[in-house]
Amino acid sequence: MKKNNEKRNLISIEVLGLILGLLWISPFYLMLVNAFKTKRDIFTGVLGLPEEWITENFVEAFIDLEFLKSLFNSTLITGLSVAIIILFSSMAGYALARNKSKLSGFMFFTFVAAMLIPFQSVMIPLVALFGQADMLNAGGLIFMYLGFGCSLSIFLYHGAMTGVSKSMDEAAIIDGANRFQLFWFIIFPLLKPISVTVGILNVIWIWNDYLLPSLVLSESNATIPLKMFFFFGQYTKQWHLALAGLTIAIIPVIIGYFFAQKQIIQGVSEGAVK
Amino acid sequence: MKNKSLAFWLFLTPVILGLGIVVVIPFIYGFIYSFTDWNGIRATAFIGLENYISLFQEDEFMNSIWFTTKFAFVAVILLNIFGLGLALIVTRNLKSSSLLRTVFFMPNLIGGLILGFIWQFIFISVFGDIGNLTGIEGFNGWLSTANTGFWGIVILTCWQMAGYIMIIYIAYLENIPKDLIEAAKIDGASAFQRFKNITFPLVAPAFTISMFLTLSMAFKIYDQNLSLTNGGPANQTQMVAMEIVNTAFSDNDMAYAQAKAVIFFLIVSVVALTQVYYNKKREVEM
Numbered sequence: 000m001k002k003n004n005e006k007r008n009l010i011s012i013e014v015l016g017l018i019l020g021l022l023w024i025s026p027f028y029l030m031l032v033n034a035f036k037t038k039r040d041i042f043t044g045v046l047g048l049p050e051e052w053i054t055e056n057f058v059e060a061f062i063d064l065e066f067l068k069s070l071f072n073s074t075l076i077t078g079l080s081v082a083i084i085i086l087f088s089s090m091a092g093y094a095l096a097r098n099k100s101k102l103s104g105f106m107f108f109t110f111v112a113a114m115l116i117p118f119q120s121v122m123i124p125l126v127a128l129f130g131q132a133d134m135l136n137a138g139g140l141i142f143m144y145l146g147f148g149c150s151l152s153i154f155l156y157h158g159a160m161t162g163v164s165k166s167m168d169e170a171a172i173i174d175g176a177n178r179f180q181l182f183w184f185i186i187f188p189l190l191k192p193i194s195v196t197v198g199i200l201n202v203i204w205i206w207n208d209y210l211l212p213s214l215v216l217s218e219s220n221a222t223i224p225l226k227m228f229f230f231f232g233q234y235t236k237q238w239h240l241a242l243a244g245l246t247i248a249i250i251p252v253i254i255g256y257f258f259a260q261k262q263i264i265q266g267v268s269e270g271a272v273k
Numbered sequence: 000m001k002n003k004s005l006a007f008w009l010f011l012t013p014v015i016l017g018l019g020i021v022v023v024i025p026f027i028y029g030f031i032y033s034f035t036d037w038n039g040i041r042a043t044a045f046i047g048l049e050n051y052i053s054l055f056q057e058d059e060f061m062n063s064i065w066f067t068t069k070f071a072f073v074a075v076i077l078l079n080i081f082g083l084g085l086a087l088i089v090t091r092n093l094k095s096s097s098l099l100r101t102v103f104f105m106p107n108l109i110g111g112l113i114l115g116f117i118w119q120f121i122f123i124s125v126f127g128d129i130g131n132l133t134g135i136e137g138f139n140g141w142l143s144t145a146n147t148g149f150w151g152i153v154i155l156t157c158w159q160m161a162g163y164i165m166i167i168y169i170a171y172l173e174n175i176p177k178d179l180i181e182a183a184k185i186d187g188a189s190a191f192q193r194f195k196n197i198t199f200p201l202v203a204p205a206f207t208i209s210m211f212l213t214l215s216m217a218f219k220i221y222d223q224n225l226s227l228t229n230g231g232p233a234n235q236t237q238m239v240a241m242e243i244v245n246t247a248f249s250d251n252d253m254a255y256a257q258a259k260a261v262i263f264f265l266i267v268s269v270v271a272l273t274q275v276y277y278n279k280k281r282e283v284e285m
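Which chain is which? The protein sequence lines are A and B, in order. By numbering that gives the first Met the number 0, the letter at position 161 of the first sequence is numbered 160, and the numbering carries on one by one without gaps. By numbering that gives the first Met the number 0, the letter at position 43 of the second sequence is numbered 42, and the numbering carries on one by one without gaps.
Keep in mind the hints are simulated off the structure, nothing from the lab. Please note that a few of the clues may not be correct.
Result set (PhoX-like, lysine-lysine): computed pairs, CA atoms no more than 20 Å apart in a straight line [said to hold, decoys possible]: (1) A:Lys6 / B:Lys94; (2) A:Lys6 / B:Lys184; (3) B:Lys177 / A:Lys6; (4) A:Lys191 / A:Lys261.
The following residues of chain A were derived to be distant from chain B, with all beta-carbon distances above 10 Å [claimed, not checked]: (5) Glu51; (6) Phe61; (7) Leu216.
Quick reminder that beta carbons are idealized off the backbone N, C-alpha and C, glycines included.
Please model the entire structure based on the sequences and the hints provided.
Set out below in structure tokens:
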């Protein structure tokens, strides 16, 4: 009797979950279905399926978004930024964790405290400063991402260093390795799990960032969100094209999610809980 | 590694330069500039608190602070309810558990700008069609009043972030020993009692984390605001972050915008520090 009750309970929870799940993906469903409609078809109604499935919208949006170019820009900027964040933050996290002086503690505190500063509080002088140095370009942007991204990353690496025994350092030094060899060949490989977490968190943030690139990059080297903003402004009231463009912009993320789902969810969870 | 060792400093130089040039120096400069008539290139005079006095008298700015506070309050409550609710569902032994996790988390990976555009379509066209079909007036013109615009941003944010908060709660829920729940069941505790006396206290640290995250995220929101309502109608749904961006880069009033940015920093840090302090205290007491 009791067992039956529990089973019925579980089934109703499952039904509730599935209803919520459908609700959750419905915006994507509506976007996708309507991206296949003609302008007139959308005007008649957005709730049903297309009268006739057309693919011209995607072709036009793909061309107007200069999608391959924006994809390349996004990939290059995200890839380089994340690579230098991982490299330099892991080095710093290691150095700060292995030095127990007051100075080191103070520097660690400064990096963590900097996380409190919201982007908008430094944005205006930052853009002015980089403008004067003629650095409002992709290179400058990547350097900015290092500055904004290193705090959390150092914090995570610093935490992970507690799991790396000091005898590793000593043994390598006795064997005649210098600090850089020691770090690069012994310590860095041991930090691989946290590097995955740091990488994932920074990729999600930088790939989707809009405001900073909009202040730094010109339209000719726009990333996907930036290009999407211009594109959308151009096609207000032309939902068939706007929706096709949005669909295209999302595809790289969905592909990434499909292949690295487990690592992404685990990485996000670790980044938040620590 | 000693302070004096060259390696120590070489390891730290890149991030010191990064944080210094990108965050610390602009932060200090910004603070100083907010007391001047800086126009983005040069400042000619110290004008004391003039910028600060005028921003407190500006309706649009005060409105944006009030709007953001209201939003943060509602978003924190709803996000935690949804996040915990979804986590409680997917941690049950369901056939669709992992599929549902994937689905609930998905909006998180896509930028707020793109999601805002998708929801603009939902609120304008889909809601419009539902309104016409059912004849319910309430579905029409969702982004054209301040009140429905507010709820529009709330719905968008909940849909986007609930999966993230869910992940945090899952991490804690899965750490609860199964035998504890079983023992309580055998002792005849009801589902509600089990939740109140076992699950809830053990998940308490997750509240600290997710309230801290949702609150600071809610105050700093920009992309969603820009792409969903763009502050409209008549700047009534403009949040603080957007207010600062527009004052600086549309009105070109740099020093004044920077004064707003300093106030914004103070609000965000006071909220964050209070939150951390309060939650740490409560955890210890429990």
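Evaluation of the provided hints:
no.	hint	verdict
1	A:Lys6 / B:Lys94	holds, 13 Å
2	A:Lys6 / B:Lys184	holds, 15 Å
3	B:Lys177 / A:Lys6	holds, 18 Å
4	A:Lys191 / A:Lys261	holds, 16 Å
5	Glu51	holds, 19 Å
6	Phe61	holds, 16 Å
7	Leu216	holds, 14 Å
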